[in-house]
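With the sequences and hints as input, model every part of the structure.
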Amino acid sequence: MPGHAGNFVSRLFSLGSETMPLIRQAMMDEYIDHGLEIADSFDRLANYQFSTVPSEFENWQDFHRAFADHKQYSFYRLLNVFCNRKYSRIVFPLHPHEFFNDFSGDADTEFYYVDLDLDQWGEWVEASQQKLKFRVRPLEQTQFDQLKSEYNIKPIYLSHLLKDQYSFVQEYQRVCAEMQIPVLLEQALTLRQDWYSTRIGQL
Amino acid sequence: MTYLISRPPTDDFTYPLFNELVNNIPNTHESYYMWSCPPLIMDRFFQNFKCRTPLVVIGIKDSLDSWEPFNWWHDRQHTGSISIEGFVKRNPDTNIILFTSVERLDLELAEPNLHIIPWGGDWVNQKARYSVLEPVLDKNFNSDRTFICLNRHVRPHRLITLSYLLGTGYAKNGIISYLKNPDGNPKVLLDEVSWVFGPDHNDIREKILSGFDRLVRGDELVDDTYEIYKQYGESFTNHNVGNFENKLRSMYRNSFVEIVGESQFSAPSFFITEKTAHSFYGCNFPIIMNGCGTVAHLRELGLDMFDDIIDHTYDSIANPFDRIVTAIESNRRLITDTDYAKQSWIACKSRFKNNVSVMHNIYTWYEHRTRKKLAETLELIS
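As they're listed, the protein sequences go chains A and B. Residue numbers for the first sequence follow our numbering, so the first one is 1 and each next one is one higher. Residue numbers for the second sequence follow our numbering, so the first one is 204 and each next one is one higher.
A couple of the hints might just be wrong.
Partial list, computed: chain B residues near chain A (C-beta under 8 Å) [said to hold, decoys possible]:
1. Y206
2. S209
3. Y235
4. I244
5. F248
6. N251
7. F252
8. K342
Derived by calculation from the structure, the hints in this document are not laboratory data. These numbers come from a predicted model, not from an experiment. Note that beta-carbon positions come from the ideal geometry of N, C-alpha and C, so glycine has one too.
Written out as structure tokens, the structure is:
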């Protein structure tokens with residue numbers, strides 16, 4: 001759902017070399033136009049940094065719009081062709097509204113949803129929605145419930161990722177195992193610290 | 204294993220068929236499936252992809268026009284075909300099998316290492332829902348309108364057809380819809396249509412130009428709402444069965460003939476969409492504004508084209524102006540004489556029902572043809 005840190009979560013699980021890096025739109029355009037391959041040395045952590053956003057962008061919406069998002073799903077897949085299909089997965093965030101309106105994935109697409117204890121984090125979600133200028137569309141909660149009931153959709157417990165380092169590590173490792181991707185703990189903790197200190201407060 | 208680049212949300216027939224067929228190809232190959240919308244994906248694929256195996260299998264869903272109009276007087280190929288041709292020529296040592304939604308693509312592309320297999324246009328989408336769609340047999344015989352002509356996005360042949368219907372006065376016998384585009388519609392015909400009037404076209408030119416003035420005024424048209432899918436609470440883009448049920452069924456109830464304004468018209472190849480399917484499910488006498496040979500193809504599928512009622516000689520006329528005018532003028536009585544259209548419809552009711560049965564089985568027809576052509580191709584290249 002909007003404001004549930006989908007952008008952070010999708011970056012967290014796009015750290016490994018087997019996963020397509022989430023890249024800026026300008027880079028996507030250049031690479032697609034010229035059929036370029038993403039170098040193995042591409043620095044994902046530097047590319048995912050949240051702490052530089054306030055100095056680089058006017059607002060958070062501009063930051064998110066600077067990245068190729070779900071609307072560029074097909075372009076990510078095409079880019080993977082130019083990368084000799086070296087990436088076995090692409091992880092990207094999608095709100096329920098966009099899922100029902102725009103998305104048509106492959107049969108082997110896996111779905112995850114961000115689960116969050118709104119009693120504890122509800123105010124933060126509302127603030128995030130405003131900050132990111134996300135709109136919750138009238139049917140979006142219904143669509144989300146429909147998604148959960150119709151698809152084999154698995155939870156990622158954001159409450160655990162937020163709680164403390166121990167809980168974060170436990171949840172991160174659990175999801176990595178579920179996705180069958182390697183655990184990159186040091187990078188994951190660095191990304192968490194960068195995101196948390198920027199979007200929530202000091203750890 | 205097929206690599207999926209993109210796919211329309213309504214694609215429940217072609218992609219599964221492609222997957223199954225490609226998985227059974229014994230030759231070493233790589234295969235890719237993509238939707239030509241937006242066209243940039245297809246274009247960049249053909250521009251930049253480097254073949255690595257002796258056989259590459261590519262499935263392209265949807266048209267190859269790349270959203271560019273085709274000018275019959277100047278163009279030989281669709282923009283997408285040009286892109287494919289360049290790719291095929293850059294890879295002369297690779298056999299390329301191209302599955303396409305476009306019919307007669309061989310008229311635009313003829314390279315020795317390219318093997319074209321058509322698998323049916325976009326009217327095969329939403330198979331599960333079209334297969335159980337109830338036809339419109341409960342016609343309103345009190346309707347004072349004879350025909351419908353449904354138009355959405357502005358395309359040259361639609362502008363000319365609408366202008367001609369308005370300029371001749373035939374429009375008063377029909378219901379004509381036209382997209383209410385929030386960005387505005389054309390105000391100057393020649394800004395949109397770069398067709399070339401010949402010396403024989405003076406009379407029709409006057410009718411078209413005066414009709415276009417009436418088109419701009421718009422008071423004889425039914426607005427086609429821009430957000431047809433969202434307006435009716437449908438959950439995804441191009442939900443055409445939903446549009447048929449929510450909006451079009453009542454228009455079909457009140458009409459007996461349809462001038463079908465398909466998506467393409469002038470190119471050598473042709474592409475059949477849900478617009479043609481709706482005419483058969485809506486049980487109207489079809490006059491098909493599509494590329495040459497479309498009517499012949501529909502007959503081949505087993506559809507009754509009502510050749511004793513409709514004059515389809517336009518189907519083999521290449522000049523776009525002449526095709527439009529012939530399609531309308533040679534069927535003038537059917538279009539303008541409401542009683543004649545109704546009586547003809549009553550006499551043909553069982554034939555309309557039979558056509559719906561054929562429609563429910565077009566998938567089998569296309570699948571059979573696709574398998575056959577693939578087998579022939581594999582034999583040829585092995």
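Consistency of the hints with the structure:
{"no.": "1", "hint": "Y206", "in the structure": "holds (6 Å)"}
{"no.": "2", "hint": "S209", "in the structure": "holds (4 Å)"}
{"no.": "3", "hint": "Y235", "in the structure": "holds (7 Å)"}
{"no.": "4", "hint": "I244", "in the structure": "holds (5 Å)"}
{"no.": "5", "hint": "F248", "in the structure": "holds (6 Å)"}
{"no.": "6", "hint": "N251", "in the structure": "holds (3 Å)"}
{"no.": "7", "hint": "F252", "in the structure": "holds (6 Å)"}
{"no.": "8", "hint": "K342", "in the structure": "violated (35 Å)"}
In summary, the one numbered hint that this structure violates is 8.
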